[in-house]
Amino acid sequence: MRSTKLSHNFFAKNTLWVAKNLLGKYLCRRLPSGKVIDAMITETEAYLGFNDKASHARKGRTKRTEVMFGPPGTIYVYLIYGMYHCLNLVTEKENYPAAVLIRGVAGVNGPGKVCRHFQIDRSLNNQKLGQGLWVEDRRNKKSPLRPDVYRDYEGQVKIKYKKLKRVGVDYAGESKNRPWRFLIAD
DNA sequence: TGCGCGATTCTC
DNA sequence: AGAATCGCGCAT
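Sequential numbering from 7 applies to the first sequence in the numbering used here.
Worth double-checking, as some hints may not be accurate.
Restricting the straight-line Cα-Cα distance to at most 30 Å, the calculated cross-link-like pairs of lysine-lysine (DSS-like) are [said to hold, decoys possible]:
hint : residue 1 : residue 2
1    : K11       : K166
2    : K26       : K69
3    : K164      : K99
4    : K134      : K19
5    : K11       : K168
Simulated restraints, written as ranges between beta carbons of each label pair [claimed, not checked]:
hint : residue 1 : residue 2 : range
6    : N183      : P38       : 37 to 47 Å
7    : P185      : Y156      : 20 to 30 Å
8    : Q162      : M89       : 33 to 43 Å
9    : I86       : K171      : 13 to 23 Å
10   : K69       : D154      : 36 to 46 Å
11   : K171      : Q137      : 30 to 40 Å
12   : S39       : Y102      : 31 to 41 Å
13   : F56       : K171      : 18 to 28 Å
14   : N20       : R145      : 17 to 27 Å
15   : K11       : Q162      : 16 to 26 Å
16   : T10       : P77       : 13 to 23 Å
17   : K166      : R128      : 27 to 37 Å
These are computed hints drawn from the structure, not numbers from a lab. Don't be surprised by glycine CBs; every beta carbon is placed ideally from N, CA and C.
Using the sequences and the accompanying hints, generate a full structural model.
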């Protein structure tokens, strides 16, 4: 089976493109015990730029958001509601605040539960993808396609996805209705 | 130094 | 609908 670890270059692109194209990829984690676990990414959300009123970076560079200004492929983990961690992957170019929130993987729905499943906490914050955490593209041209996967006229593997409003950002004014949540269509 | 809140989840 | 629970950002 062909399996390629995504390079940082993959993340140095338009955040909406990254959020959409992470669907169907595999999130992989080397646990502290050394065991490697993985699951297919099924749901993402994009947080994009200075003018996104839903983004943590809407207030600019702060101690917390500094990581969102870092180089693409950086891991951003924060604690929410004092008890859940959320995993983001930093996108675009350095000094531009953007990231993709991993909202769900196969069998695990919800960003807090994703981090619990993968044993992700803030010790990974500001680290680079690669050692303890990485993403793989496991397109296998010889395996039968799932119902949510198809090929375009050039034979490229594509994934059917839905575009919806982001969750939990009602405070975000004009940004709250942006369709920047992506999930694999069932 | 203090205060209010949140890119959530679970229970009632 | 309400609770749990705490680091961060901003006001004092």
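Results for each hint:
Among the hinted pairs, K11 with K166 is consistent with the structure: their alpha-carbon atoms are about 22 Å apart, no more than 30 Å. Annotation: proposed proximity of K26 to K69 holds, straight-line Cα distance about 28 Å (limit 30 Å). A hinted pair counts as satisfied when its Cα atoms are at most 30 Å apart, and K164 with K99 qualifies at roughly 26 Å. For the given pair, K134 sits about 16 Å from K19 by alpha-carbon distance, which is consistent with the 30 Å threshold.
The straight-line distance between the Cα atoms of K11 and K168 is roughly 25 Å, inside the 30 Å bound, and the hint therefore holds. Range check, N183 to P38: about 40 Å between beta-carbon atoms, so the 37 to 47 Å window is met. For the pair P185 and Y156, the supplied restraint of 20 to 30 Å holds, since their beta-carbon distance comes to about 21 Å. In this structure the supplied range 33 to 43 Å holds for Q162 paired with M89, their Cβ-Cβ distance being about 42 Å.
As the Cβ distance of I86 to K171 is approximately 19 Å, the hint placing it in 13 to 23 Å holds. For the pair K69 and D154, the supplied restraint of 36 to 46 Å holds, since their beta-carbon distance comes to about 40 Å. The hint said 30 to 40 Å for the Cβ distance between K171 and Q137, and at roughly 35 Å that hint holds. Checking the proposed 31 to 41 Å range against S39 and Y102 shows it holds: the Cβ atoms sit about 36 Å from each other.
Take F56 and K171: their Cβ atoms lie about 20 Å apart, and the range 18 to 28 Å holds. Between N20 and R145 the CB atoms are about 21 Å apart, so this pair conforms to the stated range of 17 to 27 Å. Against the hinted window of 16 to 26 Å, the Cβ-Cβ separation of K11 and Q162 comes to about 20 Å, which satisfies the hint. The hint said 13 to 23 Å for the Cβ distance between T10 and P77, and at roughly 20 Å that hint holds.
The given range of 27 to 37 Å is respected by K166 and R128, whose C-beta atoms sit roughly 34 Å from each other.
Checked against the numbered hints given earlier, the structure satisfies every one of them.
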